[in-house]
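Each chain, written out:
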Amino acid sequence: MAAEKDTDTYGVTAPYGDELNDDVARWDRAGEFPREKWKPLQRSGLFTLPFAPEYGGAGRTLTETMSALEGLGHTSRDAGLNFSASTQIVSVGIPLQAFGSEELRSRYLPRVTSGEAITAHAITEPSHGSDVMNIRTTAVREGDEYVIDGGKMFITNAPVADLFLLYVRTGKPGAFGLSTFLAERSTPGLKIGEPLETMGLRTSPISEVTLENVRLPAANRLGSEGAGFLIMDYVMKREVLFSFAVNLGEMTHRLGRVLEHATTRQQFGSAIGKNQAVSHKIADMRIAVETARKWLYDTGRKVEQGTDASLDVAATKIVVSEANQLTARHAIQIFGARGYLTDTGIERELRNATSGSIYSGTNEIQRNCIAALMGL
Amino acid sequence: MTTTASDPIRAYIVSEFLAGEDAEDLTDDFDLIESTVVNSLGLVRLISWISETYRIPVDDIPLEPAAYRTLADIRRFVEQAAPASV
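Protein chains in written order, with full-length UniProt numbering: chain A, 1 to 376; chain B, 1 to 86.
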């Protein structure tokens, strides 16, 4: 398919496929984070890619990192683990490298790039999901500290995370009253809720985070006071590109599997792929995968070049998440009863794909953004 | 009048916030905030673009809308923060 697969980062996790794919169905049923599979991801160097060598990074570009994550999606059938791995790269490491002080970078980035410290970012709140302009968790300055009170919801990796990036309100309502702070799990007053049961991505743990009288040094703030929304804008663009590059790899793998099934499964004396009812679905899957690829890497290159890609990122998120859902539905239909059984893993892919139109800003919010950017 | 080729800030504002308008109609003292051509979300995009295009650290960027009220205001700030880039 496309050239990005030829980059030397695409295959960084490929040698670890057996470990990553061990007992995926059991982990999914249990709804547990497969911590033992974190180690092969650490060994692969995946977490080092977009970071500077002085912090243990590999100094790779944004699109090279996307390619590695696409490769992970193709190699690993554990979409929950894949999502947690993508979150690991983008939630703390990326903003810390771009906006953190040298003291914070040198203290924390090596732990993030090695994967020793698992990371999460806390944006969503119980009463404000995609409405990030109305974040209510507050941070009040007292001398050299900030005192943080409030709560966060649906925080990916929170049950297992060691480091959190908190998006809180330090000032006036609206975009420029937000600030960003780094907090360790052990910080008094930072309480992690029980893991929440989910339909898909069941091995990527999520929970509530409560913040009660959490005291953080002012030095733990990333960027200036009020710059939280700018940091969030920077991070969310990369979150969409990284997590949906994983989806691209997952879809490509799915398409290959469906194609093999359609050419080998015989019904009424011929391969089922000879029926237009089946072959047209596979053609639609191919179109969806290649459209997703074009949007992802075109947008990735724009972001890499510093172009304003706000509309492109929103469109990419919609295109890829909906392609993932369409290809998962078609795969179930083409596999028939076998796809409906849990042991083939096909139904799990549909459950996993469902989340993509919800996280990182729902597709409805993304369409609102696109409409607003068009002056509507 | 400066052309958009030699004036990337004007080119960006016209292409992103005044699509279809003639770039030369945007005067240096036109109030982008008061006119709502640039709203709060637009301001986030504008500041992000300035920060990335001119490699200005976010700590050095003013976050008050008044700093971005007109093309002249924006140009003045960028010239001070990143003189070699303009």
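I should point out that these hints are in silico values taken from the structure, not numbers from a laboratory. Incorrect hints may appear among the rest.
As the list claims (entries may be wrong) - Quick partial rundown of chain A residues pointing at chain B, CB under 10 Å, derived from the structure:
#: 1; residue: Asn21
#: 2; residue: Asp23
#: 3; residue: Trp27
#: 4; residue: Ala30
#: 5; residue: Gly226
#: 6; residue: Ala227
#: 7; residue: Leu230
#: 8; residue: Ser310
#: 9; residue: Ala371
What the hints assert, rightly or not - Heads up, incomplete: computed chain B residues facing chain A, CB under 8 Å, no partners named:
#: 10; residue: Glu24
#: 11; residue: Leu41
#: 12; residue: Val44
#: 13; residue: Ile47
#: 14; residue: Trp49
#: 15; residue: Ile50
#: 16; residue: Val58
The model shown is predicted, which means the values in this text are computed figures rather than measured ones. For glycine and all other residues, C-beta sits at the position ideal for the given N, C-alpha and C.
Results of checking the hints against the structure:
1. Asn21: violated (39 Å)
2. Asp23: Where the cut-off is 10 Å and the nearest Cβ of chain B is about 43 Å from Asp23 of chain A, the hint is violated.
3. Trp27: Result: violated, 39 Å to nearest chain B Cβ.
4. Ala30: Since the shortest Cβ distance to chain B is 41 Å, the answer is violated.
5. Gly226: holds (5 Å)
6. Ala227: holds (5 Å)
7. Leu230: holds (6 Å)
8. Ser310: holds (5 Å)
9. Ala371: With Cβ-Cβ at 12 Å, over 10 Å, it is violated.
10. Glu24: Glu24 of chain B check fails; min Cβ-Cβ to chain A is 20 Å, beyond 8 Å.
11. Leu41: With a closest approach of 7 Å, the Leu41 of chain B hint holds.
12. Val44: holds (5 Å)
13. Ile47: Interface hint status for Ile47 of chain B: holds (6 Å vs cutoff 8 Å).
14. Trp49: holds (5 Å)
15. Ile50: Interface hint status for Ile50 of chain B: violated (10 Å vs cutoff 8 Å).
16. Val58: Cβ of Val58 of chain B sits 5 Å from chain A, so the hint holds.
In terms of the numbered hints stated before, the structure departs from hints 1, 2, 3, 4, 9, 10, 15, listed from lowest to highest.
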